[in-house]
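Residue numbers (our numbering), protein chains in the order written: chain A, 22 to 245; chain B, 638 to 865.
Keep in mind that the hints were calculated from the coordinates and are not lab data.
Errors might be hidden in some of the hints.
Only pairs whose alpha carbons sit at most 20 Å apart, straight line, appear in this in silico SDA-like list of lysine to any residue [to be verified]:
#1 B:730 <-> A:39
#2 B:769 <-> A:240
#3 B:750 <-> A:24
#4 B:713 <-> A:33
#5 A:224 <-> A:208
#6 A:224 <-> A:238
#7 A:231 <-> B:769
#8 A:224 <-> B:793
#9 A:231 <-> A:39
#10 A:32 <-> B:725
#11 B:713 <-> A:74
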Amino acid sequence: MSIRTFFYAFKEGVINLFKNRLMTFASIGTISACLLVVSIFYIVSSNVDYMVEAVQNNIGIAVFFDDGISEENILELKAIIEERPEVYKSTYISAEEAWQTFKGDYFSGREELLSGFENENPLENSASLQIFMADMTRQGELVTYINSLEGIRHIREDRQITDIIKTVSDMIQYISIVLIAVLLLISVFLISNTVRIGIEVRKKEINIMKFIGATDTFIRGPFW
Amino acid sequence: MLRLENVTKTYPNGVIALNSVNLNIEKGEFVFIVGSSGSGKSTLIKLIMQELKVTSGQLYIEGQDVTHISRRKIPKLRRKMGVVFQDFRLLDKMTVYSNVAFAMKVTETPARKIRRMVPTVLSMVGLGKKMKRYPNQLSGGEQQRTALARALVNNPHLLLADEPTGNLDPKTSWEIVKLLIDINLRGTTVIIVTHDSEIVNAMKKRVVTLKDGHIVKDEQRGDYGYEH
Numbered sequence: 022m023s024i025r026t027f028f029y030a031f032k033e034g035v036i037n038l039f040k041n042r043l044m045t046f047a048s049i050g051t052i053s054a055c056l057l058v059v060s061i062f063y064i065v066s067s068n069v070d071y072m073v074e075a076v077q078n079n080i081g082i083a084v085f086f087d088d089g090i091s092e093e094n095i096l097e098l099k100a101i102i103e104e105r106p107e108v109y110k111s112t113y114i115s116a117e118e119a120w121q122t123f124k125g126d127y128f129s130g131r132e133e134l135l136s137g138f139e140n141e142n143p144l145e146n147s148a149s150l151q152i153f154m155a156d157m158t159r160q161g162e163l164v165t166y167i168n169s170l171e172g173i174r175h176i177r178e179d180r181q182i183t184d185i186i187k188t189v190s191d192m193i194q195y196i197s198i199v200l201i202a203v204l205l206l207i208s209v210f211l212i213s214n215t216v217r218i219g220i221e222v223r224k225k226e227i228n229i230m231k232f233i234g235a236t237d238t239f240i241r242g243p244f245w
Numbered sequence: 638m639l640r641l642e643n644v645t646k647t648y649p650n651g652v653i654a655l656n657s658v659n660l661n662i663e664k665g666e667f668v669f670i671v672g673s674s675g676s677g678k679s680t681l682i683k684l685i686m687q688e689l690k691v692t693s694g695q696l697y698i699e700g701q702d703v704t705h706i707s708r709r710k711i712p713k714l715r716r717k718m719g720v721v722f723q724d725f726r727l728l729d730k731m732t733v734y735s736n737v738a739f740a741m742k743v744t745e746t747p748a749r750k751i752r753r754m755v756p757t758v759l760s761m762v763g764l765g766k767k768m769k770r771y772p773n774q775l776s777g778g779e780q781q782r783t784a785l786a787r788a789l790v791n792n793p794h795l796l797l798a799d800e801p802t803g804n805l806d807p808k809t810s811w812e813i814v815k816l817l818i819d820i821n822l823r824g825t826t827v828i829i830v831t832h833d834s835e836i837v838n839a840m841k842k843r844v845v846t847l848k849d850g851h852i853v854k855d856e857q858r859g860d861y862g863y864e865h
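Full structure from sequences and hints, please.
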């Protein structure tokens with residue numbers, strides 16, 4: 022197609038947009054409606070995805086240690102655990118911190134009740150390691166591994182919650198993939214239909230072009 | 638200019654529209670093709686226009702064998718021909734000027750040449766003052782003249798007219814025929830398919846009569862021999 026033909030087609034296109042205002046409006050309307058619905062679904066599904074991921078990162082396992090284990094040992098274990106690829110990050114909560122949090126949660130406003138404890142820490146053996154997963158699906162694997170380490174008393178994991186979240190997020194992902202595919206299909210169908218109507222409307226014009234000696238490219242070009 | 642050698646056209650449904658037709662039309666000739674409906678006139682036009690393919694035989698246009706011409710080369714061939722139809726086939730949404738200019742835009746002519754040629758051709762067919770009108774504001778004769786201008790604006794070597802006066806009253810028909818003679822005098826070969834016995838008989842030009850896919854008569858200064 023020559024440059025001249027391109028500009029001719031472009032100019033005719035702009036002029037005809039205004040000549041056939043209703044058709045223009047209908048085409049723009051259907052196409053933008055389709056794109057809008059597709060993009061809304063995309064936004065919704067990617068938001069859900071993001072939320073699920075955020076929840077995943079906040080659910081982890083808590084590892085408690087044997088009585089009398091030293092803080093150095095705990096930090097050593099922490100370093101070993103953090104080397105695992107499925108671990109996103111881990112936080113060490115010392116017994117003192119645990120007690121402070123507990124005090125804040127349960128005794129705020131009733132500080133007089135704490136007087137009996139004085140400077141003793143009833144949670145002396147509650148130093149723990151909070152582990153956040155990078156890959157929730159491999160939680161079972163990690164638990165088995167940590168259990169095999171020395172100095173571990175107890176592991177608390179929220180296996181049920183993580184399983185439910187995993188199922189839900191998978192389901193949402195599948196549903197949104199199917200929906201987006203269907204909507205894309207509908208959009209493609211609507212757009213091609215609009216083009217076909219355009220061809221139908223111009224049948225006479227196309228016929229005239231043909232016997233005048235228009236090349237196939239000249240006739241088909243604008244419909245691409 | 639145009640040569641058919643043993644041209645046969647069979648439609649997929651088995652109808653033989655043209656049967657071993659031999660026809661030779663020289664450059665600059667003025668030829669009427671007559672015959673009843675179904676005699677093969679329209680098929681002949683369509684074969685020349687490359688709307689249909691020849692089933693067997695050979696078709697030459699300007700010495701070029703176009704029997705098995707490739708689809709890509711057809712537009713170039715059609716630009717050598719102008720066509721007018723009984724139903725004019727003008728675009729209602731365009732003015733007379735645009736309808737004619739359209740033919741030049743389609744063939745990718747520079748805009749400057751379009752602006753020069755269109756008014757010239759339109760005044761030649763007597764529509765110089767009606768360039769801004771739309772087809773539905775024109776009489777049948779004026780519409781056919783617009784179609785004629787469109788056919789001529791690309792300087793065709795061959796003008797095909799398929800029942801050009803079929804929708805027109807006798808007086809307007811004569812005006813169109815006079816225009817066609819003018820065009821012929823300028824050197825363009827003119828082939829007219831028609832039912833109008835009055836015009837054919839008055840003109841004393843070459844007449845080719847078709848019947849059931851055969852040429853039954855081909856006379857120089859002929860008349861409309863076909864019985865109604």
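Hint check results:
1. A threshold of 20 Å between alpha carbons decides the hint, and for residue 730 (chain B) with residue 39 (chain A) the separation of about 13 Å falls inside it, so the pair holds.
2. For a cut-off of 20 Å, the pair hint linking residue 769 (chain B) to residue 240 (chain A) is broken: about 26 Å separates their Cα positions.
3. With a CA separation close to 17 Å, the supplied pair residue 750 (chain B) and residue 24 (chain A) stays within the 20 Å bound.
4. With a C-alpha separation of about 23 Å, the suggested pair residue 713 (chain B) and residue 33 (chain A) falls outside the 20 Å cut-off, and the hint is violated.
5. Note on residue 224 (chain A) and residue 208 (chain A): the hinted pairing is violated, with a Cα-Cα distance of about 24 Å set against a maximum of 20 Å.
6. Of the supplied pair hints, the one linking residue 224 (chain A) and residue 238 (chain A) holds, its CA atoms being roughly 16 Å apart against a limit of 20 Å.
7. At most 20 Å may separate the alpha-carbon atoms for a hinted pair to count; residue 231 (chain A) and residue 769 (chain B) exceed this at roughly 25 Å.
8. Straight-line distance between C-alpha atoms of residue 224 (chain A) and residue 793 (chain B) comes to about 24 Å, which puts the hinted pair past the 20 Å bound.
9. Proposed proximity of residue 231 (chain A) and residue 39 (chain A) is contradicted: the alpha carbons are some 25 Å apart, above 20 Å.
10. Using a Cα cut-off of 20 Å, the hinted pair residue 32 (chain A) and residue 725 (chain B) is violated, with the two alpha carbons roughly 26 Å apart.
11. The straight-line distance between the Cα atoms of residue 713 (chain B) and residue 74 (chain A) is roughly 63 Å, outside the 20 Å bound, and the hint therefore fails.
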